[in-house]
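S.K.: Starting from the given sequences, assemble the full structure and let the hints guide the process.
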Amino acid sequence: MRKILAAETSGSGVRKRRTQRPVSEFLVFEDVSKHYGAVKAVDHVSLTVKQGEFFSLLGPSGCGKTTLLRILAGFEQPDTGRVLLGGEDVTDLPPYERKVNTIFQSYALFPHLSVWDNIAFGLKVAKRPKREIKDEVARMLTLIQMEDQAWKKPDQISGGQKQRVAIARALVNKPRVLLLDEPLAALDLKLRQRMLIELDLIHDEVGITFLYVTHDQGEAMSLSDRIAVMKLGKIEQLGTPAEIYEAPRSSFVAAFIGDTNFFDGTVAEPLEKNSVLDGFLSVAVDKDYSRLKIEDFPDLECFNDKQIKEGEHVFLSIRPEKLRISRERPEPGPHLNVIEGRVEDVIYLGSQTKYWVRTGDYRISVIRQHSRFLLDEKPIRWGERVWVSWHADDGFMLEKYSEQDENLIQLPPEEVGETTESNQILVRAPAAGAVPAGAAGR
Amino acid sequence: MKAERRRKLSEWLVTLPSFLWLLLLFLVPTALVFAIMFKPATPYGGIGEGWTLATLRTLGNPNYPAIVARTLWLSVAATALCILLATPMGYYMARVSPARRRLVLLLVILPFWTSFLVRIFAWKVLLHPEGMLKHGLVLLGLIAPETSLLYNAYAVLLVMVYTELPFAILPIYAASEKFDFRLIEAAKDLGATSFLAFRKIFLPGIRVGLLTAFLMVFIPSLGSYVIPDIVGGPTSEMIGNKIAQRTFVDRNLPHAAGLSALLTVAVLIPMVAITALRRKESPKDALREEGV
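Protein chains in written order, with our numbering: chain X, 1 to 442; chain L, 1 to 292.
Hints are not guaranteed to be accurate.
[To be verified] In silico EDC-like pairs for lysine to aspartate or glutamate, Cα to Cα no more than 16 Å straight-line:
{"id": "1", "chain 1": "X", "residue 1": "99", "chain 2": "L", "residue 2": "185"}
{"id": "2", "chain 1": "L", "residue 1": "200", "chain 2": "X", "residue 2": "328"}
{"id": "3", "chain 1": "X", "residue 1": "190", "chain 2": "X", "residue 2": "216"}
{"id": "4", "chain 1": "X", "residue 1": "322", "chain 2": "X", "residue 2": "216"}
{"id": "5", "chain 1": "X", "residue 1": "134", "chain 2": "X", "residue 2": "117"}
{"id": "6", "chain 1": "X", "residue 1": "378", "chain 2": "X", "residue 2": "310"}
[As the list claims (entries may be wrong)] Some chain X residues judged to face chain L by a derived CB distance under 7 Å, without partners named:
{"id": "7", "residue": "52"}
{"id": "8", "residue": "75"}
{"id": "9", "residue": "95"}
{"id": "10", "residue": "102"}
{"id": "11", "residue": "106"}
{"id": "12", "residue": "108"}
{"id": "13", "residue": "110"}
{"id": "14", "residue": "112"}
Everything labelled a hint here was simulated from the structure, so no lab data went into it.
Cβ coordinates follow ideal geometry from the N, Cα and C atoms, glycine included.
M.R.: Listed below in structure tokens is the structure:
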């Protein structure tokens with residue numbers, strides 16, 4: 001990729017955009033809706049994207065993210081609302097009059113044209129001078145490192161190369177927004193990871209606004225400046241990747257992005273200074289924390305930034321990696337919650353192990369990172385009694401809860417696949433002898 | 001080596017039936033036609049002994065070039081009109097809902113359920129000087145009462161287009177159905193208007209269908225003789241009519257063979273030329289043309 005950087009800095013025009021002051025309301029969707037028959041694909045969505053931003057629309061299939069992208073591209077007309085690009089209303093413009101370009105999931109390279117002609121298509125249509133077309137296409141070919149493949153037809157190049165040609169074909173027109181419709185979905189894992197890095201570099205280099213549509217939370221998290229998580233045609237939450245992961249507002253966001261545990265309980269009195277809690281729970285010092293009564297559990301502590309009142313029912317989301325698992329009961333500390341349970345399932349994943357711990361009606365999933373050489377330890381096995389603990393700050397109270405979202409939570413293998421096969425894994429996994437030394441990550 | 005030989009042998013065995021078929025039913029008859037051309041005719045319609053160039057000399061008859069020219073222009077015009085009508089039709093059929101598509105497809109092949117001759121006679125009734133169409137057009141003032149809709153080259157062209165149209169629609173529809181219409185969106189996204197996307201992306205995308213349609217319409221058109229015989233007049237004779245006349249009326253098989261050979265050569269020359277041009281135009285040359 002070093003080559004790309006060199007090629008780009010020597011190029012003119014594109015780079016200048018970066019030095020422009022970012023316009024905070026560069027791309028605006030204003031109360032946009034789109035129906036297909038009775039189905040609301042997009043339901044009164046309002047959204048603002050900043051100039052130069054890498055913005056992702058993330059959601060499961062049918063959440064309306066692609067429809068929103070197609071509305072911006074001009075392939076769909078919204079039923080209500082309008083789309084503004086750089087202050088100009090583009091709602092009624094046909095696709096060919098919009099300064100946006102799309103990278104399609106299928107790449108949609110023209111099969112009868114060579115790589116060179118594919119990239120030149122937009123410039124030729126715009127009737128740019130021949131000299132300029134030649135220079136621009138050559139520059140793009142350098143950017144995607146395919147100078148020597150210029151005369152191959154799309155069916156003679158690999159998937160990753162097709163992807164790069166699609167990127168070049170769009171970028172050569174210097175669009176104000178580059179639309180990416182699940183551009184990596186058709187690639188295998190290794191290639192996907194490489195293209196992720198390339199996309200990120202290209203975004204840094206050309207500095208134009210990217211609108212990225214994906215159902216893959218990993219892609220969205222690693223690339224985006226901001227993400228809008230969508231569900232059933234509405235934006236469920238909008239924020240930076242960290243905000244969305246760490247502070248999910250709804251059960252859907254919590255469960256769709258990463259994995260999580262849900263608990264439901266009733267808010268009890270806030271913890272005043274010096275109020276001593278019985279047994280193993282700590283001494284509270286701050287009224288930002290509330291006590292939480294959860295069935296089958298000892299009273300827990302929870303950070304209550306939302307000032308939820310006493311007696312109200314709340315749902316709590318705790319990420320598996322925020323939980324600690326241990327054989328011995330941890331020392332009580334400030335704001336530390338501790339519960340006891342029995343290990344019901346274990347999967348060894350190399351860099352980490354995933355446990356499912358049964359306590360009452362709850363099955364809590366816990367991830368343990370292997371920061372030390374595993375073979376020297378005696379790993380926790382299936383059926384052991386363990387203690388699960390977490391800091392009160394790591395539990396997050398949800399504003400919205402839907403029982404359906406529990407289906408998004410990762411289940412133990414035996415409930416997903418074949419019982420016999422996964423049982424074997426479970427028996428084998430915790431046994432230290434079965435772990436190859438190299439994989440243990442010393 | 002042994003495996004290689006075996007593979008070769010099985011390849012031969014598989015292609016043998018079609019080779020024999022081609023040889024016995026196409027190549028040998030064509031060769032016979034060319035051979036009969038050089039035989040003398042007998043007064044009772046048979047083929048005489050010995051060899052002669054008499055037939056070849058009659059092909060120089062000044063009537064023939066006009067007939068060959070007319071045959072060519074009628075066939076080219078019919079082919080062009082068919083493809084011009086069939087392309088939007090194929091595009092439409094590939095785009096409509098499957099239910100509607102089935103209906104349209106049925107309508108396209110429906111005429112085949114009626115005899116070819118009956119359909120041409122139906123056109124004769126339609127275009128008849130006392131027919132409804134004529135009266136209607138005269139009433140509307142579009143044509144003069146003395147104009148004849150029948151027995152001219154345009155009537156022949158009209159009925160040829162009517163007859164051949166399904167043979168153009170079907171291959172173009174088949175190609176359009178396989179066409180990835182997301183490419184049209186991609187072209188529009190890159191700034192092409194609908195028309196430009198159609199011309200630059202859709203037409204090259206279905207070029208195999210277009211080529212098939214061309215062959216399916218053009219070649220039968222060249223040999224058509226029933227249509228000009230029924231709806232055409234003396235001024236719209238095609239080479240097919242002459243061949244039929246030599247065979248059935250004059251009972252002069254060598255003459256008929258000579259005209260057939262002429263037609264075959266007329267078809268073969270452009271086809272061989274196209275193939276040769278294609279072979280010459282290797283991908284590398286095409287690239288050099290771009291000037292990079």
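S.K.: Look at each hint and say if it fits the structure.
M.R.: Quick rundown of the hints versus the structure:
In summary, the hint linking residue 99(X) to residue 185(L) is supported, as the alpha carbons are separated by about 15 Å, within the 16 Å threshold. As the CA atoms of residue 200(L) and residue 328(X) are separated by approximately 72 Å, the hinted pair breaks the 16 Å bound. Between residue 190(X) and residue 216(X), the direct Cα distance comes to roughly 15 Å. Compliance with the 16 Å bound is thereby established for this hinted pair. With a C-alpha separation of about 22 Å, the suggested pair residue 322(X) and residue 216(X) falls outside the 16 Å cut-off, and the hint is violated.
Between residue 134(X) and residue 117(X) the CA atoms are separated by roughly 10 Å; this keeps the pair inside 16 Å, and the hint holds. As the CA atoms of residue 378(X) and residue 310(X) are separated by approximately 43 Å, the hinted pair breaks the 16 Å bound. Checking residue 52(X) against chain L by beta carbon gives a least distance of about 21 Å; that is not within 7 Å, so the hint is violated. The beta carbon of residue 75(X) is positioned within 7 Å of a beta carbon in chain L (closest approach about 6 Å), and the interface hint is therefore held.
Nearest Cβ of chain L to the Cβ of residue 95(X): about 4 Å, under the 7 Å cut. The hint holds. For residue 102(X), the shortest C-beta to C-beta distance to chain L is roughly 5 Å, which falls under 7 Å, so the interface hint holds. Nearest Cβ of chain L to the Cβ of residue 106(X): about 6 Å, under the 7 Å cut. The hint holds. At about 4 Å, the closest approach between the beta carbon of residue 108(X) and any beta carbon in chain L falls short of 7 Å, and the interface hint on this residue holds.
Of the supplied interface hints, the one on residue 110(X) holds, with its beta-carbon coming within about 6 Å of a beta-carbon of chain L, less than 7 Å. The restraint placing residue 112(X) at the interface with chain L holds, with a minimum CB-CB distance near 4 Å, inside the 7 Å limit.
Hint compliance for this structure: hints 2, 4, 6, 7 are not met, and every other hint is.
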